[in-house]
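A.B. asks: Please build the complex by placing chain B on the supplied structure of chain A, with the hints as guidance.
There are 2 protein chains.
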Amino acid sequence: MSFIATPQSMHFDEPLPLQGGGSIHDYDLAFETYGQLNADKSNAVLVCHALNASHHVAGVYEGQPKSEGWWDNMIGPGKPVDTNRFFVIGVNNLGSCFGSTGPMHPHPDTGRIYGADFPVVTVEDWVDAQARLLDRLGVARLAAVLGGSLGGMQALSWSLRHPQRMRHAVVVASAPNLNAENIAFNEVARRAIVTDPDFHGGHFYEHGVVPARGLRIARMIGHITYLSDDVMNQKFGRQLREGLDLKYSTQDVEFQIESYLRYQGEKFSSYFDANTYLLITRALDYFDPARAHGGDLTEALSVARARFLLVSFTTDWRFAPARSREIVKSLLENNRDVSYAEIDAPHGHDAFLLDDARYMNVMRSYFDGIAEEDQPAGKEAA
Amino acid sequence: MSFIATPQSMHFDEPLPLQGGGSIHDYDLAFETYGQLNADKSNAVLVCHALNASHHVAGVYEGQPKSEGWWDNMIGPGKPVDTNRFFVIGVNNLGSCFGSTGPMHPHPDTGRIYGADFPVVTVEDWVDAQARLLDRLGVARLAAVLGGSLGGMQALSWSLRHPQRMRHAVVVASAPNLNAENIAFNEVARRAIVTDPDFHGGHFYEHGVVPARGLRIARMIGHITYLSDDVMNQKFGRQLREGLDLKYSTQDVEFQIESYLRYQGEKFSSYFDANTYLLITRALDYFDPARAHGGDLTEALSVARARFLLVSFTTDWRFAPARSREIVKSLLENNRDVSYAEIDAPHGHDAFLLDDARYMNVMRSYFDGIAEEDQPAGKEAA
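Residue numbers (numbering that gives the first Met the number 0), protein chains in the order written: chain A, 0 to 381; chain B, 0 to 381.
Some clues are possibly wrong.
Copies of one chain are not kept apart here, so a pair can be met inside one copy or by any two copies together.
[What the hints assert, rightly or not] In silico EDC-like cross-links for lysine to aspartate or glutamate, where the CA-CA straight-line distance does not exceed 16 Å:
#1 Lys65 - Asp295
#2 Lys328 - Glu298
#3 Lys246 - Asp116
#4 Lys78 - Asp108
#5 Lys328 - Glu241
#6 Lys40 - Glu371
#7 Lys78 - Asp354
#8 Lys328 - Asp295
#9 Lys78 - Asp295
#10 Lys246 - Asp287
Hint data in this document are derived by calculation from the structure and do not stem from the laboratory. Bear in mind that the values here come from a model prediction, so they are computed numbers and not experimental data.
Only chain A is shown next, with the shape it has when bound in the complex (with noise of 0.2 Å):
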């Protein structure tokens, strides 16, 4: 069993300006750390988490043994992120449905719950909000900034909005933004449940249902592109889900693959919300930080102070190891430290949460030259 971890919450009253106009204001920020803060604050790691995960980390919850949380096998201590030796903090972003202020909360000064009418908020947006909590929490610089998938986008956009408050970007199976095809999922996925009925525009909470239809097709159209091929016909191919026999139906549940993904559907659907799907979902079509810059990646990334760490997948179709190179390349063209692990897993967008040997190596020699870093404050602030 894990160590146990404790959530806590913190809010803040001053308007934080949004990338789509506007602000949000009176939010609350649920996190959690793991760890200690050293005395020259020079340990902490901020781990940013994508669409369907929390502040929730690592750990496990008192009295709840199966509550690890979703990087609980990279985080910990003595795992490749040493909570003995750093001090980590995990955020749950606003807009989420797992703590911080989301679409289920209401509006400050209406009362009414947001919705449909929770702002739209960006990747940008996000690291601002975390920027702000780690003020609070007295943390001026991170020793890194770590993150998979959308996370993997947040911890490259700290290394462009506050590159001085960072030593290590560490982007883990992402991308510097999405291909058409990327957001063409989304968008099915989106329309899905906006057309349920029972969405009703993203004000369905005051009409006491959910749009569970759509949510679950979302769910199982992301469960298809996280898993490989190979590893889908290796865990279920084309077996049958009872007996030996065809039923010759067209809505009974005949292949084991079919079976997962109803099932998956229906739990995801029994907790996550709409809103925030269309949100999360929103935030990773619009992150593209070389779009101010004529679609010119390196210009981009050339205010990157940042040493960093990139990882891909071989068999990860969603977030291809082209993309992460994309991303390396222009890293190197500005010069800055760049290390790359193209790791051959077979398991497809979802590896970054699995255990493999050589992925958990590379983070841990990673992050174990962080620790023994001599840091001077600034030193490669150049």
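C.D. replies: Relative to the frame of chain A, chain B by itself:
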């Protein structure tokens, strides 16, 4: 403009036994023919269709200059499958919504619209129904059976169910069965349709509605899988639909790819029958000639007597070249005569419907060879 095509229909009283049990009787098959059957009736080519297609394979309808058949670039006078030399037969499959008897028609015994009670039909059932149509047309033996995607599965199935009735099987962009990922996409599409409140258990006709939301989602998913990543990036990339400014909205169209998918979904939902969609995707799922042979495709194909052309496209991730190669390998292990072309085309699965000089040349050359065969009946049926 292409030549004028004329749809025809044939009624069948006698029950057709179905693979899933039971039978169907008093059904119609819509079909078209192009070119002339020669004196020794040796120049007939049967064309089998895929998901969203019909018996209208080539030509245009009188007075409708834009009504080209779905494979009009392939089939016609002087085209790769030259109707000056071949008698080409296009047939609409049972369960379709384009002319042959399907879920939108009344059950002959009860007069009630079939709806979800239309029997589950398989590739093998379609092949048997096509064989009966050929009996009526006086075609004892085909020069070739030709199909792409699901149509390719029918061509392969023909070579197993009626090995003596054909000289050639031309199997384009197809597979010996669906893999787990293929089934998964079909299942998500079906769930979107079936869980649409307007589906009414498949008897929506009685309610004067159609499950348009579900059909839209199904079609959007389909379109993503028909295209390659490359072609999507090239055609749409991250291009915005309007101007240069982001709107920051979770529900409005922001990117061109979203607009394209919504349009395709909308169009499809206005004409395609939901029950037909369920039936056809299920026929895809079920097709697996190796199943009755413990998964041994070589054993399954041992009864084939035809000569084969297989064609695949490098960027087709729905029916990848590796799947065509499985068929090639198994045919070679049976000492069959096989030609195989792997076309380096950027268009994904859609490539089989598009003009590509190398692809068209392969097809033309193969069909020229068929036309020039000195063909004493039964020669290849060794």
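A.B. asks: How do Lys246 and Asp116 come out at 16 Å by Cα distance, when the copy is not named: within, between, both, or neither?
C.D. replies: Answer is between; shortest inter-copy Cα gap is 14 Å, intra-copy 46 Å.
A.B. asks: Measure nothing new, just compare the shortest in-copy and cross-copy C-alpha distances for Lys78 and Asp108 to 16 Å and report within, between, both or neither.
C.D. replies: neither (44 Å within a copy, 69 Å between copies)
A.B. asks: Go through the copies and call it for Lys40 and Glu371: within, between, both or neither, with a Cα cutoff of 16 Å.
C.D. replies: within (14 Å within a copy, 83 Å between copies)
A.B. asks: Is it within a copy, between copies, both, or neither that the alpha carbon of Lys78 lies no farther than 16 Å from that of Asp295?
C.D. replies: neither (37 Å within a copy, 46 Å between copies)
A.B. asks: Can you tell me if Lys78 and Asp354 fall within 16 Å by alpha carbon in one copy, between copies, both or neither?
C.D. replies: Close inside one copy (12 Å), not across copies (55 Å); limit 16 Å.
A.B. asks: For the identical chains here, do Lys246 and Asp287 meet the 16 Å Cα criterion within one copy, between copies, both, or neither?
C.D. replies: between (48 Å within a copy, 15 Å between copies)
A.B. asks: At most 16 Å between CA atoms: does that hold for Lys328 and Glu241 within a copy, between copies, both, or neither?
C.D. replies: neither (50 Å within a copy, 31 Å between copies)
A.B. asks: With identical chains, the pair Lys65 and Asp295 could be close in the same copy or across copies; at 16 Å between alpha carbons, which is it: within, between, both, or neither?
C.D. replies: Neither way: Lys65 and Asp295 sit 45 Å apart in one copy and 43 Å across, limit 16 Å.
A.B. asks: Could you place Lys328 and Glu298 in one of the four classes (within, between, both, neither) given a Cα distance threshold of 16 Å?
C.D. replies: within (12 Å within a copy, 50 Å between copies)
A.B. asks: Cα distance capped at 16 Å. Does Lys328 pair with Asp295 within a copy, between copies, both, or neither?
C.D. replies: So Lys328 and Asp295 pass the 16 Å test inside one copy only (12 Å; across, 46 Å).
When the structure is compared with the earlier hints, violations turn up for hints 1, 4, 5, 9 and for no others.
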